[in-house]
Amino acid sequence: MTRQMTGAEMVIQALIDQGVDTIFGYPGGAVLPIFDELFQQEDVRHILVRHEQGAGHAAEGYARSTGKVGVALATSGPGATNMVTALTDALLDSIPMVCITGQVPTTLIGTDAFQEADTVGITRPCTKHNWLVRRIEDLPAILHEAFRIATTGRPGPVLVDIPKNIQFQTGTYENCKDKALTQYHPAVKAPDAAIREAVELMAAAKKPILYTGGGVINSGPKAVALLRDFVKLTGFPITSTLMGLGAYPASGRNWLGMLGMHGTYEANLAMHDCDVMVCVGARFDDRITGRIDAFSPNSKKIHIDIDPSSINKNVVVDLPIVGDVGHVLEDLIAAWNARKPVQDKAAHAAWWKQIDGWRAKKCLTYRPSAEAIMPQYAIERLHALTAGRDTYITTEVGQHQMWAAQYYHFDEPNRFMTSGGLGTMGYGLPAAIGTQLAHPGALVIDIAGDASIQMNIQEMSTAVQHNAPVKAFILNNQYMGMVRQWQQLLHGNRLSHSYVDSQPDFVRLAEAYGAVGIRCSKPADLDDAIEEMIRIDRPVLFDCHVVSLANCFPMIPSGKAHNEMLLGADVSDEEIETAIGTAGKVLV
Amino acid sequence: MMIVAGQSQSAYFLEEELPSTERSHTLSVLVDNEPGVLARVVGLFSGRGYNIESLTVSEIEHSSHMSRITIVTTGRPPVISQIMHQLGRLVPVHKVVNLTWAGDALERELALVKVSGKGEIRDEALRLAQAFSARIVDATLDSYVFEITGAPADIDRFVGLMKDCGLVELARTGLAALARGRTGI
Ligand SMILES: Cc1cc2nc3c(=O)[nH]c(=O)nc-3n(C[C@H](O)[C@H](O)[C@H](O)COP(=O)(O)OP(=O)(O)OC[C@H]3O[C@@H](n4cnc5c(N)ncnc54)[C@H](O)[C@@H]3O)c2cc1C
Ligand SMILES: Cc1ncc(C[n+]2csc(CCOP(=O)(O)OP(=O)(O)O)c2C)c(N)n1
Ligand SMILES: [Mg+2]
Chain A
1 MTRQMTGAEM
11 VIQALIDQGV
21 DTIFGYPGGA
31 VLPIFDELFQ
41 QEDVRHILVR
51 HEQGAGHAAE
61 GYARSTGKVG
71 VALATSGPGA
81 TNMVTALTDA
91 LLDSIPMVCI
101 TGQVPTTLIG
111 TDAFQEADTV
121 GITRPCTKHN
131 WLVRRIEDLP
141 AILHEAFRIA
151 TTGRPGPVLV
161 DIPKNIQFQT
171 GTYENCKDKA
181 LTQYHPAVKA
191 PDAAIREAVE
201 LMAAAKKPIL
211 YTGGGVINSG
221 PKAVALLRDF
231 VKLTGFPITS
241 TLMGLGAYPA
251 SGRNWLGMLG
261 MHGTYEANLA
271 MHDCDVMVCV
281 GARFDDRITG
291 RIDAFSPNSK
301 KIHIDIDPSS
311 INKNVVVDLP
321 IVGDVGHVLE
331 DLIAAWNARK
341 PVQDKAAHAA
351 WWKQIDGWRA
361 KKCLTYRPSA
371 EAIMPQYAIE
381 RLHALTAGRD
391 TYITTEVGQH
401 QMWAAQYYHF
411 DEPNRFMTSG
421 GLGTMGYGLP
431 AAIGTQLAHP
441 GALVIDIAGD
451 ASIQMNIQEM
461 STAVQHNAPV
471 KAFILNNQYM
481 GMVRQWQQLL
491 HGNRLSHSYV
501 DSQPDFVRLA
511 EAYGAVGIRC
521 SKPADLDDAI
531 EEMIRIDRPV
541 LFDCHVVSLA
551 NCFPMIPSGK
561 AHNEMLLGAD
571 VSDEEIETAI
581 GTAGKVLV
Chain B
1 MMIVAGQSQS
11 AYFLEEELPS
21 TERSHTLSVL
31 VDNEPGVLAR
41 VVGLFSGRGY
51 NIESLTVSEI
61 EHSSHMSRIT
71 IVTTGRPPVI
81 SQIMHQLGRL
91 VPVHKVVNLT
101 WAGDALEREL
111 ALVKVSGKGE
121 IRDEALRLAQ
131 AFSARIVDAT
141 LDSYVFEITG
151 APADIDRFVG
161 LMKDCGLVEL
171 ARTGLAALAR
181 GRTGI
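Just so you know, the protein sequences line up as chains A and B, in that order.
Oh and the first sequence: position 327 is 327 in full-length UniProt numbering, straight run, nothing missing.
Oh and the second sequence: position 136 is 136 in full-length UniProt numbering, straight run, nothing missing.
A couple of the hints might just be wrong.
[Claimed, not checked] Quick look at which bits of chain B chain A covers, simulated, 3 or more residues with Cβ under 8 Å:
no., region
1, 36-42
2, 79-88
3, 91-97
Think of the hints as simulated: they come from the structure by calculation, not from any bench.
We treat Cβ as the ideally placed atom computed from N, Cα and C, and that holds for glycine.
Use the sequences and the hints to build the structure in full.
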């Protein structure tokens, strides 16, 4: 079925045909025709943000918490450039997102016209693909291809830049939802030979480990269910990256906790000592590997990833399996069941005994305090008081983010929205709003830092306007704690510009936005205050005063190996200050 | 490429990078001929710190809007594989082939070389041009423009000699390359 309509109408129609119910945006001259169409229909809800970066992160939160595509809309020039951080964030974290921007009319492109920016040029390196639409004839196919590219293979952000005159022109619209405009068709199924070889390697393993990541969540609920089956079937211990938390339940028997720079002792040592490592949808990020030449030196490595460029990028593996996690796990389980391998029970028992020894270190122990709130304690209480509910957690970036990952135990996927790859302060609040709008009845909490929350605090106004009762739970330590920790590690504790001076009064700030402010500084009051926050059906800024100088442990200092961790409870200031050698100092 | 268990390599190495097996590779890349495709390829190389020794691009099939990009780059084998995979994930890229891996490929380049001078020097330039099978495409009383086609190394040699024969300027097309034999990529 084809129909005549304007370019602006095509945009809305394509959104409807793609099943989009909510978009996040901000108007301006070059997108007015699209906003005019939005005004005249009721199928697509537009959420007006306060800054385009907020629209981008809200779309990311919406996407990650639903598994659907997030959609953002911005005007030309400054609207588009404000979107760059969110696009880069989505690219690094493999979040499917479609961003539509307005552009000056085609006749003015290249003349330094008012609010002209080379949007496709600027966003080329921070999108999976982008298009400048030069002819109305191309618009329908490009709009639908944008959704296909964003969601196919390794997901990512795409951008469609539409000049204003194209938005006004009339053309023929066709719903080309299931047609491919380009030849982009990544393989999802892996070759049988690779599957068989993987089963052989895994069957013979004496000290196996599953190292899982965001790719499991990208692949979807089926992959998550298969992963859980696979753990049951093999009995392998399992750890995950920050991006993969919740795919395997933190309450599960085989769970070792998160791995990496701030991962648990047991996860990192098991990675170091294993003989067979199965990496499932993770990308051997430098936060994971630490010193590459000492990374899991004696293991055979199997790597399942849909993107061939992830394989052998940082770590050379023995057996690459290029394919979608869901498809590959399905085949692996079938092959395992067919092969019925006899595992070395004694070796596995010894391996688990070793792991239990590492677990006994209780690496997440911290010194409790009766007078001041320890940040770890705050997250523990938050978890205890919200775990039974339909809860979604987002974070900002810093120590609080790592404490959230360590002490808030995720049992389900798509429940933890965090900026992993780019580490974008200011991500959490808008992402929480996007998440809340996708899950209206749920409890959505942004675990925030006092510095990060100020990066996109203006979105409180968005939350109030759209009745998104998100809770920003600020671990207020008066510092850019993560920066301060690194200054202590690397720069003789000279705390150059990491103190957050002249903080706003967060309670009154909340009130100024028409939200609710809560302050708490005593451990004894914390539970009641959290309960109160949960009860309030409006946006809340929770100013949780925690001790100022707590460090985030365990930590593998940069440039060190997995078995050279700093543990929290017993590390001295001197050890902290000498932990990183000169070679490690240049690393981030 | 040989893969040995537990032997990991990375950009994150603390040691100085091993220079060992770095060599130049000729990649042939088939792409949709759409606006910005060259910028995507070039941006990928600059953004990820790969180097380009030579790059040529032109449409090879008008009806299907396909272009062939020929890139010469250097690196150790893992880096070259990474470059190929990074190219492969660009949406408009259809195919990436490493002609150097495929075997001794045919590699040709064209150069226009302008020299000026009189007397002895001018005669010498002409003699050398004949020896290299360069054609005269322009001449004045005190200058020549030669056209030479050949493997890049031959052109390098010719240009080197012309430096002593009044070389004024030169323009090179960059590489066109195909695998030998009957099959295409
Ligand atoms: C302050 C700070 C500290 C951090 N510390 C840590 C830390 O201690 N530990 C930690 O784990 N992280 C940490 N991170 C996060 C880290 O930077 C990376 O973002 C994270 O480790 C990457 O996770 P991942 O490997 O799961 O990859 P992702 O970025 O989630 O990538 C997913 C991978 O799976 C592949 N994939 C996608 N879809 C599919 C599919 N359908 N099928 C198959 N494969 C697919 C992709 O190609 C990609 O290779 C930290 C971040 C910050 C900001
Ligand atoms: C946009 C941006 N700018 C700078 C940084 C570098 N950075 C990482 S963590 C951090 C401090 C965060 O402080 P806060 O939000 O208070 O969290 P805390 O570490 O104290 O929990 C900074 C500045 C960043 N990640 N993002
Ligand atoms: Mg702080």
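Can you tell me if the region 79-88 of chain B counts as covered by chain A, using C-beta to C-beta distances under 8 Å and a minimum of three residues?
holds (count 5)
How does the region 91-97 of chain B fare against chain A when you require at least three residues with a CB closer than 8 Å, holds or violated?
Three-residue rule met by the region 91-97 of chain B, so holds; n is 3.
Are there three or more residues in the region 36-42 of chain B whose C-beta lies closer than 8 Å to some C-beta of chain A?
holds (count 3)
In this structure, none of the earlier numbered hints is contradicted; all agree with it.
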